[in-house]
Amino acid sequence: MLSVNQLSKSFGGQDVFDKITFRLNPGDRVGLIGKNGAGKTTLMRMIAGQETGDGGTIAIDKDISIGFLKQDVDFEDGRTVMEETCLAFTELLALEQKIEEINQKLAERSDYDSDGYGRLIHDLSECNERFEVAGGYTYKGETERVLKGLGFETSDFERLTETFSGGWRMRIEIAKLLLQKNDILLLDEPTNHLDLHSIIWLEQFLAQFGGAVMLVSHDQMFLDRVTNRTIEISLGQIYDYKKSYSEFLVLREELREQQRKTKKNQEREIQQAERLINRFRAKSSKAAMAQSLIKKLDKMERIEVDEVDQQVMNVKFPQAERSGKVVAELDGLTKRFDDKLVLEDVELRVEREQKIAFVGRNGEGKTTLAKIIVGELGYEGELKLGHKVKVGYFAQDQADHLDPSKTVLESMTAAATQHSRTKVRDILGAFLFGSEEVDKYIRVLSGGERNRLALARMLLQPFNVLVMDEPTNHLDIASKNVLKKALKDFEGTLIIVSHDREFMQGLTDRVYEFRDRNIKEYLGDIDYYLEEREAESFRDIEKQEKQTKKIADKKSGSSSYQGQKRLKSLKNKLNSLEKKIGSLESEIASMDHALHMRYDEVASDPSFFDQYQEHKNALEKLIFLWESVMIKMEKSRKNLH
1054 MLSVNQLSKS
1064 FGGQDVFDKI
1074 TFRLNPGDRV
1084 GLIGKNGAGK
1094 TTLMRMIAGQ
1104 ETGDGGTIAI
1114 DKDISIGFLK
1124 QDVDFEDGRT
1134 VMEETCLAFT
1144 ELLALEQKIE
1154 EINQKLAERS
1164 DYDSDGYGRL
1174 IHDLSECNER
1184 FEVAGGYTYK
1194 GETERVLKGL
1204 GFETSDFERL
1214 TETFSGGWRM
1224 RIEIAKLLLQ
1234 KNDILLLDEP
1244 TNHLDLHSII
1254 WLEQFLAQFG
1264 GAVMLVSHDQ
1274 MFLDRVTNRT
1284 IEISLGQIYD
1294 YKKSYSEFLV
1304 LREELREQQR
1314 KTKKNQEREI
1324 QQAERLINRF
1334 RAKSSKAAMA
1344 QSLIKKLDKM
1354 ERIEVDEVDQ
1364 QVMNVKFPQA
1374 ERSGKVVAEL
1384 DGLTKRFDDK
1394 LVLEDVELRV
1404 EREQKIAFVG
1414 RNGEGKTTLA
1424 KIIVGELGYE
1434 GELKLGHKVK
1444 VGYFAQDQAD
1454 HLDPSKTVLE
1464 SMTAAATQHS
1474 RTKVRDILGA
1484 FLFGSEEVDK
1494 YIRVLSGGER
1504 NRLALARMLL
1514 QPFNVLVMDE
1524 PTNHLDIASK
1534 NVLKKALKDF
1544 EGTLIIVSHD
1554 REFMQGLTDR
1564 VYEFRDRNIK
1574 EYLGDIDYYL
1584 EEREAESFRD
1594 IEKQEKQTKK
1604 IADKKSGSSS
1614 YQGQKRLKSL
1624 KNKLNSLEKK
1634 IGSLESEIAS
1644 MDHALHMRYD
1654 EVASDPSFFD
1664 QYQEHKNALE
1674 KLIFLWESVM
1684 IKMEKSRKNL
1694 H
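Residues in the sequence shown are numbered from 1054 upward in steps of one, following this note's numbering.
If you're looking for bench data, these hints aren't it; they were derived computationally from the structure. This one's a predicted model, so the numbers in the text were calculated from it and none came from an experiment. Backbone N, C-alpha and C fix where the C-beta goes; we use that ideal spot for every residue, glycine too. Heads up, a few of these hints could be off.
Okay, derived cross-link-like pairs now, DSSO-like style, lysine-lysine, Cα gap no bigger than 30 Å in a straight line [stated by the list, open to error]:
id, residue 1, residue 2
1, Lys1541, Lys1408
2, Lys1685, Lys1621
3, Lys1316, Lys1352
4, Lys1296, Lys1537
5, Lys1633, Lys1621
6, Lys1541, Lys1476
7, Lys1378, Lys1443
8, Lys1151, Lys1234
9, Lys1443, Lys1541
10, Lys1296, Lys1533
Per label pair, the in silico range of CB-to-CB distance [said to hold, decoys possible]:
id, residue 1, residue 2, range
11, Glu1307, Lys1632, 40 to 48 Å
12, Met1650, Asn1058, 22 to 30 Å
13, Ala1112, Lys1295, 15 to 23 Å
14, Lys1316, Ala1112, 32 to 40 Å
15, Thr1105, His1454, 33 to 41 Å
Could you build the full structure based on these sequences and the hints that come with them?
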């Protein structure tokens, strides 16, 4: 599908990567990993054609389409969510417009026997056929399914895109990209603006995606569940493993240990040869042997151990004086933004040394409650903070509040107390800001570097309560792991908002889910919450079914209800079959198109025609089932009447 050959790129004379080579094949799910600044986004931008290299080539196979998720979106105002998302179907929309134009022309004409009218009818028939094959009658349903998977409600579809936050507009961009049916998806931090439920949905979507995927993510669990290959960029080189991220970590260490042993044996062999050379040089009878050994050493390819960029930050949050037992108590707390009610009658008691996670869909009030607790937002109801509570707050946009005109060192010094001023350089060093980096201006720092600086500033003052809103955004995996250890070691109270499951595993002892303007407590970590939430979903479905049955019994008796229930079940089955038929017809149409456009290439694949026939047989069976369900539905309708 795509080949990268001897590709090089540098900035300011410093190599980002040097002569890297790899190939992307159908079915590859590549996790592109490396420290912030290693070149991950740069490489994806180059593959997408948005940036050029200093040397080497990127070859893309014929007819391969690439979709690239950028980190910035720019929508034209005045379009609804549905309208903007449907722009993913540019060809279908153009075809739909053409069909409307032909129908309009036909409506204006009465020369039914003329050649012109006949041509219009022929064009309309051809367009309708192409429209159907391309999914013209299913694309809106597919769009709704993807938008709902990414967290949108049906009521959001007709809202204008400019009424949504940047994070929600990024979800629209993700939806468009997923609906375009590209051959290769390049996803740069796709989970940054998603909540837990949307991340899980995206994992399932990508698992069924037929093309190749290359993604950058600092969510280790997301990488493990989506990828089957890992490419690490480290110190200008790449290391390619046909493994998911966790398997890659194990394999990388095993390979490097083997390299160390082989290198040690080679060094021993070289030392022995050099001793013989020095001994034989002095003797004329052994000079030829010495020259032979020298030539052997010159030709020997030296074994190198892959260099590992292991520099990570060492973090320890300073401890303040111990707080009282009750850290915060909320009673009947309510919050509105204009006419929108976000939180209603919330009850919450936070005690000393508790480790709490706030989870839930975006927009349900997690950040709002965090800001209320730290005193940044007003509210209705009661909120009491406990004795000697000293709160440190890391906002989701904390890095954006840094003064861009200051250097890293100036920013830290300005935030330091008299006691911590002498520790500024040590703390910066722990956060990977060396002697050269401390004089950089904040305006030139990457998102990850600004986040690290914002975190570093939290170590300048002691706190006994930490409230952290998405602290892992823009942090690489190594930095996240160190931060997680520091938070686990923190002896005070922790309240954390995060969508990163792996980061939260084992970090908290209770979870509060934000739903329907209130919160629900789960006494366990994130894994316990997810298990319980899944079980609750099943219980909710059963409860809804029982409620539906009770209402139906009151209206028309149990016999009538059973008939209605059966009819509803048949309708659902029919809808499901129609979706499957539409999907299968689209796949067959794509294969027909491939046969027409690239016959020699396609015919060379022996499995193609087997798969084509399987699709045809499956379609025949589905149509038979569809007809059978239709007959049953007609009978059910007659029985009801």
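Self-check item: Unmet hints by their number, sorted upward, for this structure
Solution: none
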